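If you read the sequences in order, they're chains A and B.
Residue numbers for the first sequence follow the numbering used here, so the first one is 103 and each next one is one higher.
Residue numbers for the second sequence follow the numbering used here, so the first one is 5 and each next one is one higher.
By construction, these hints were calculated from the structure, which means they are not laboratory data.
Since we're looking at a predicted model, the values are computed, not measured.
Some hints could be false.
To be verified - Cross-link-like lysine-lysine pairs, in silico, DSS-like; alpha carbons within 25 Å at most:
{"#": "1", "chain 1": "A", "residue 1": "LYS236", "chain 2": "B", "residue 2": "LYS293"}
{"#": "2", "chain 1": "B", "residue 1": "LYS184", "chain 2": "A", "residue 2": "LYS370"}
{"#": "3", "chain 1": "B", "residue 1": "LYS301", "chain 2": "A", "residue 2": "LYS236"}
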Amino acid sequence: MNAKDITFLEDTFKKFYFEHFELLHVPNDPNQREFGYQKFNGGMNRHISLKSDKELHLLLMQNKPSDVYCSNARYMFPSLPMSEKDWQNAELIFDIDAKDLRKEHPKNNTLIKCSDCNEISALGDSCPNCQSTKLSFTTLTCDDCIKSTKDEVLKLNKILVDDLGINEENIKIFFSGNEGFHIYVHKSEYESVGSRERAELSDYIMFRGGIPETFGFKKFNTNKSSLPKFDDVGWNGRLAKHLYGIKSNRSKISQEILSGGYALFQKKLEDFRDSIGIKIDPNVTQDIHRIFRLPGSINSKSGLTKIFVEDLKKFDPYIDACFIDDEEIEVAANCPIEFSLKKKKFGPFNNEQVSVPKFAAVYMMCKGIASSV
Amino acid sequence: MIAIFKLSWYTIVMVNLGNDEIVKYPFLAEAGKYLSDKGFSLDQFGTDPDLKKIVDNAFERIITSSEGRIFKSDPLSNNSALPLEIFSFLIAVILLKLSGMNTLIRRFSLAEARRAEKFLEKDLMNHQDATKTKLSLQILQELFSVTVEKIDEEFTISVSDYLKHSINFHEREWKLINRKVTNGKVHLTPHETVRLVRKELDRHIYTKINSSSTPEMIIGFETYVDKLKQLAKKFEVKTVESKEFPPCIKHAIDVLEKGENLPHSGRFLLATFLLNKGQTVEQIAPLFKNAPDYNPKVTIYQLNQLSGISGTTEYKSPSCEKVKGQNLCFPVPACDTIINPLQFGRKRV
Numbered sequence: 103m104n105a106k107d108i109t110f111l112e113d114t115f116k117k118f119y120f121e122h123f124e125l126l127h128v129p130n131d132p133n134q135r136e137f138g139y140q141k142f143n144g145g146m147n148r149h150i151s152l153k154s155d156k157e158l159h160l161l162l163m164q165n166k167p168s169d170v171y172c173s174n175a176r177y178m179f180p181s182l183p184m185s186e187k188d189w190q191n192a193e194l195i196f197d198i199d200a201k202d203l204r205k206e207h208p209k210n211n212t213l214i215k216c217s218d219c220n221e222i223s224a225l226g227d228s229c230p231n232c233q234s235t236k237l238s239f240t241t242l243t244c245d246d247c248i249k250s251t252k253d254e255v256l257k258l259n260k261i262l263v264d265d266l267g268i269n270e271e272n273i274k275i276f277f278s279g280n281e282g283f284h285i286y287v288h289k290s291e292y293e294s295v296g297s298r299e300r301a302e303l304s305d306y307i308m309f310r311g312g313i314p315e316t317f318g319f320k321k322f323n324t325n326k327s328s329l330p331k332f333d334d335v336g337w338n339g340r341l342a343k344h345l346y347g348i349k350s351n352r353s354k355i356s357q358e359i360l361s362g363g364y365a366l367f368q369k370k371l372e373d374f375r376d377s378i379g380i381k382i383d384p385n386v387t388q389d390i391h392r393i394f395r396l397p398g399s400i401n402s403k404s405g406l407t408k409i410f411v412e413d414l415k416k417f418d419p420y421i422d423a424c425f426i427d428d429e430e431i432e433v434a435a436n437c438p439i440e441f442s443l444k445k446k447k448f449g450p451f452n453n454e455q456v457s458v459p460k461f462a463a464v465y466m467m468c469k470g471i472a473s474s475v
Numbered sequence: 005m006i007a008i009f010k011l012s013w014y015t016i017v018m019v020n021l022g023n024d025e026i027v028k029y030p031f032l033a034e035a036g037k038y039l040s041d042k043g044f045s046l047d048q049f050g051t052d053p054d055l056k057k058i059v060d061n062a063f064e065r066i067i068t069s070s071e072g073r074i075f076k077s078d079p080l081s082n083n084s085a086l087p088l089e090i091f092s093f094l095i096a097v098i099l100l101k102l103s104g105m106n107t108l109i110r111r112f113s114l115a116e117a118r119r120a121e122k123f124l125e126k127d128l129m130n131h132q133d134a135t136k137t138k139l140s141l142q143i144l145q146e147l148f149s150v151t152v153e154k155i156d157e158e159f160t161i162s163v164s165d166y167l168k169h170s171i172n173f174h175e176r177e178w179k180l181i182n183r184k185v186t187n188g189k190v191h192l193t194p195h196e197t198v199r200l201v202r203k204e205l206d207r208h209i210y211t212k213i214n215s216s217s218t219p220e221m222i223i224g225f226e227t228y229v230d231k232l233k234q235l236a237k238k239f240e241v242k243t244v245e246s247k248e249f250p251p252c253i254k255h256a257i258d259v260l261e262k263g264e265n266l267p268h269s270g271r272f273l274l275a276t277f278l279l280n281k282g283q284t285v286e287q288i289a290p291l292f293k294n295a296p297d298y299n300p301k302v303t304i305y306q307l308n309q310l311s312g313i314s315g316t317t318e319y320k321s322p323s324c325e326k327v328k329g330q331n332l333c334f335p336v337p338a339c340d341t342i343i344n345p346l347q348f349g350r351k352r353v
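Just chain B, with the same shape it has in the complex (with noise of 0.2 Å):
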């Protein structure tokens, strides 16, 4: 059964992981290698009743994460030969393959990622045992290739690492306007330092746990795989979307309707705008029609740019940010909650 069980976990080569660290950032062990080496087999696991805890603990894992909320520790399980949570972590990932649930997946990922970020955080604070501090700094640079200095009690990296990290959140603290920003270097705290990873971390998870083989079904597995199954039915999400067009786009119209001049960037919105929301080139040229420099042939040629029939990119519709930015966002409460245009009047039900 072993064979069947090839979870393709990266390691941190340079890093020497012992048992602390594994049950820290369990992802980072080579899975079928660490049951192995162990002198297990998956099959134990469905029919041991000894290690049923084991597969309960799993269980509960993936239940916990996927409520959002993130597993607890408990150092005292892992002292033994048997170490809980490591153990726990790799059956919660064959009971999620088993299950090919990929909402799952994500919160679990998330979850775990969120749990390490933690245990990141106190190592990058390390006072008493410089080793913990290398090794969080060491995970950050090979995992994500995020060089980090510490400089007395402050972190720095690089604007462009702190560039392609932080642009995956949407919160304003992170532009880089709002950071202490000095000789090309982002000042951060521990905590910032780790939450900048959080997304890849997730990320790293996530595509380890995908690209994994599913093994076949363990006998004493079924009934876990069906509730989880069950479970995720829970999550799915179904919404309905209004005809209304955000404010945005309403006054791009207006200000074309009025003969007014509407900047590139207002004419690039709506014209993505429409586009993405599935009208047709003939049907938003003669919108354009009233500015003061129209000329049917360009419009039409643009049009067709964005539309990706001429060229090879589907142009998409800019960020409420980017709006923003270009003075051409007038929000209403209902924008409150998104984050581009498109998703105006779009709601859950």
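Excised from the complex, chain A in its bound form (with noise of 0.2 Å):
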């Protein structure tokens, strides 16, 4: 990104920062967090201690950063190289992104950069100017992708309360200011387990490493009747659900099973991964020393805000998450596809001066296919 781009996007997120300081605010327990913040072109200032929400708005005026961070976990020396920070516990935390949960690219709303000749184009498989295939994917504003985001989510949110017996009101949700969702699980029992624990909790959640002999299907003698029922509890109900679609369904389907064998139905079972398992990213949940994007943050990635969702079937994340402002500003746009913003629809723009409301210029400039004139 060039200097001039850095100073605009500085300049209107510090603004964007200065007039929403209501939205940004440190956890309720700040001597514990660790904090970090990135500027534009620039590296990673992590092990900072905030106390209040005035330090945190504090740092934001002061060091114009281009994302903001706080940790899950509570430290009791949050300031301190890792090692010396002594880990107390982390609230869990689950990411769901839309970029996991696509088998492959959707046609309109992704663009390619050629790593070699640095062209932008429309999806294709090669670059249309060198034929390279070094490319790079980005994704625009995708309804679809937001869409089945939110189903993932939802799934989610039912196997962290009836499985893992959380209760529904210390689960809350986060946009991510891209294109995911961010899930925190509060005051729960697993605020205290480690970082291979909380990989088997993934593993679980994904529908990962599960064997015949789980679903009633044993190496020998097996039965229709130990296989999955529609009432049970857990992965074998929703496995029900799933195998056989209706009840009536059950014999038919069960026999099938049966007269597959069992390595048949452990490699479906490793299928159904893809069909069932929730689409969680389990590095994220798995690293308990990680520092999230703040709530209230700006996301360099789109200049979209992380943002706390209240009911999420109503979230429009393109139109309530975007909080900058609507002065027109000059650019020079290369977006050969179109997107949409706060219902406003853009592009393509090929490689030409537009004029644009900020909150486009702003998105264009995050995604790399637009710069200040």
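Starting from two chains that each stand alone, build the complex the way the hints lay out.
This is the structure in structure tokens:
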């Protein structure tokens, strides 16, 4: 990113923070949290201790960060190096991101950037300019992606409550600021568990590592009655619904499963990971020293804000998380596909100078497809 | 001599241990106190011919455990004024301490844990005597901080407690996904409940033996101790290692060489594996030069982080289980016996 764009984004973000201090708070136990921030084109500054909202707001004003973070972990000494922090516990956090849900890039919402010649173009297998296949993919606003991500959040929520016994009131959902959701679990028995235990929880939620015996299929002497039933609790019940669809199919389909044999059922269980497992990012859940984007702060990948979601069904990130103002700005835009923000459509822009509202300009600059003029 | 014999045994304060219980769970007894209460000193065991049987028995108990077997109980032997099994356990500990052979202490702890496990399981299921069930639940609670609830024939423990113990097992049946989980509780059979704490039971016994002080050599114990030292030599393991990389590492290198994108987890695996094998950051960095998003500065920075040069933690290569979960595992038969890619090609000789 060039210096002019950086100055523009820094000033825009700073203005947003100044006008929206009410969105930015330290957690209620700030003395135990580690904070961090990044500057545009800069490395990570972490191991920072903040004691109050005031100190946080001062940091935002003084450092003009591109991104701000706070640990889910509580430490005795959050500002010391990692090995000396003295980890106490950490909220359980799940990350569900649209990029982990899709099997292929959404055709109308994705653009490619060539790593060899920097050409930006609509989705394709190779660069139309130099035919290189070293490409990076950028997805712009995508309603279908958000819809499927929300569905996944709801499925996760149900498992957290029904299986893992988490009180629904303690589950808080945040839009990540780009194309996903962070699900925070507060005040649970899981706060004290370490990284390996959290990896196991991830495997459970993702339906990974299941063996046929768990679902009533033994190597020898298996009969239909031991296979999953609709009324079973946990994964057995969910698998039954997935396998049979409706109750009356159970007899026929369970006979087919038995005829297929143990090895085939094992293989099927692995395949079901993709269809019924919840697509969380396991690395996020099991990392107990991570710093997470601070709620209320802007995500520099998009210019949208990480924000608490009150009503998931009604929530539209492209309206509700877009806080930058609509002052008209001139930018040089190279955006070969259309995108939509605050109910307005933008693009395609073919390497041209255009006048757009600041929120759209910021969005494109954060995505690397526009520059200030 | 009793003064030297300060075994700092932990005792369950709340549980009233009768003779029956100490026979089953001798590691709960306060050894020094137990012996003196019974009117014995350690010296007597080396010299009194009537007590030789106990020392022989203790020695036998160690031999049995070294062979991976569980010492068989003989209930009748405990009814006398001289409860043989309790004494043989306590003397076995003294013999082990005098031998100083850690490998034997490890094997002994595990065998004793498995022995106690059998009794715990039986007590958990004891329908006639509710106090037995209560006692075993109390042992689980006080020794391992595991709160077990009994519901009909099933036992439940909280998911978080379950995970803290089950992560020590590598068998897939212990994965949470392979358990009945509902409303924050994991359902277990009595056998599984007890099996869950085997490692902790083993560690508990091992730690207690290790943390107890070693008495001076007791006259009459020398031959036993020498024999144990000889026995321990049998268990020394020497290994050789081949230079061949495991298939997951070969795959990661292959992907990078083709200039394809290797996910972050694959890069982490490759870098930590090579660092753990002793390669330097400078030797590893060029491997990543073909990656679509290659940036030499970032690569060096990240490798330095992983190696512990920049940070304070030296990262370890992830386990096979984790690699499998990341779809980066391409097993060959030689992978069957390992749980971490670093062990690939390591053979005992």
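Cross-check of the supplied hints:
1. For the suggested pair LYS236 (chain A) and LYS293 (chain B), the alpha carbons sit about 13 Å apart, so the restraint of at most 25 Å is met.
2. About 20 Å separates the Cα atoms of LYS184 (chain B) and LYS370 (chain A), which keeps this hinted pair within 25 Å; it holds.
3. With a CA separation close to 20 Å, the supplied pair LYS301 (chain B) and LYS236 (chain A) stays within the 25 Å bound.
In summary, the structure agrees with every hint in the numbered list given earlier.
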